[in-house]
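Engineer: Take these sequences, add in the hints, and give me the full structure.
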Amino acid sequence: MSEIVRRYYNEQVETEWARLESPYSGFELASTLRLTDTHFPPGCRVADIGGGPGRYTVELLRRGYRVTLVDLSEKAIELAAARLEELGLNAEALHRADARDLSCIESGSFHAALMLGPMYHIVEEEGRAAALAELHRILRPGAPAIVGFINPWGVLRAGLLEFPSFYADYEHASSLLGQYHKI
14 MSEIVRRYYN
24 EQVETEWARL
34 ESPYSGFELA
44 STLRLTDTHF
54 PPGCRVADIG
64 GGPGRYTVEL
74 LRRGYRVTLV
84 DLSEKAIELA
94 AARLEELGLN
104 AEALHRADAR
114 DLSCIESGSF
124 HAALMLGPMY
134 HIVEEEGRAA
144 ALAELHRILR
154 PGAPAIVGFI
164 NPWGVLRAGL
174 LEFPSFYADY
184 EHASSLLGQY
194 HKI
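If you're matching positions, the sequence shown starts at 14 in this note's numbering and goes up one per residue.
No lab work stands behind these hints: they were computed from the structure.
Treat the numbers as computed from the prediction; the structure is a model and nothing was measured.
One should not assume that every hint holds.
To be verified - Simulated restraints, written as ranges between beta carbons of each label pair:
1. Ile159 / Val136: 17 to 25 Å
2. Glu119 / Pro177: 36 to 44 Å
3. Glu175 / Glu119: 33 to 41 Å
4. Leu48 / Leu100: 19 to 27 Å
5. Glu138 / Phe179: 25 to 33 Å
6. Pro177 / His108: 28 to 36 Å
7. Tyr183 / Glu16: 18 to 26 Å
8. Glu137 / Leu100: 34 to 42 Å
9. Pro177 / Ser120: 36 to 44 Å
10. Gly56 / Arg96: 18 to 26 Å
11. Tyr183 / Glu119: 39 to 47 Å
12. Glu184 / Ser120: 38 to 46 Å
13. Asp182 / Arg76: 33 to 41 Å
We treat Cβ as the ideally placed atom computed from N, Cα and C, and that holds for glycine.
Structural biologist: Here it is, written out as structure tokens:
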């Protein structure tokens, strides 16, 4: 599954950057930032796990947080680096990694974390447990984390509404439905 997800985000990286500009997704951005403003210590180190091309990373950096962005997609990391440079912002680090293996990050090194995308795409229980264990490992004791979950049918619904061209190919859509049907 991770190869399908990586390929999708590599192909849709610009669309993913623009996704949070729609009214539906703009509410997601605003409500999540309200949570970070409320629960993350000011100026702390934040891990943005599965942060794609860095929309949350940008907003957190603007708020004075020290952010490390991690994503499965190399194209997302490349776009994040370019956008951060355009905006004159500096992340602590940008890593291409799977949320289930954050060995690129030292244990207990973050005061807070976002993990908004990975749990949408990791559908097997063992994979979800591994991602959450890695999240716990990189956080300091008692550190807050904001984790996004959605069931597989919600993923498909959001995809159909926000990225309909991605589902236009019957073979591709059938392969995705087949993977979700196994749950």
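Engineer: Are there hints from earlier that the structure breaks, and if so, what are their numbers?
Structural biologist: none
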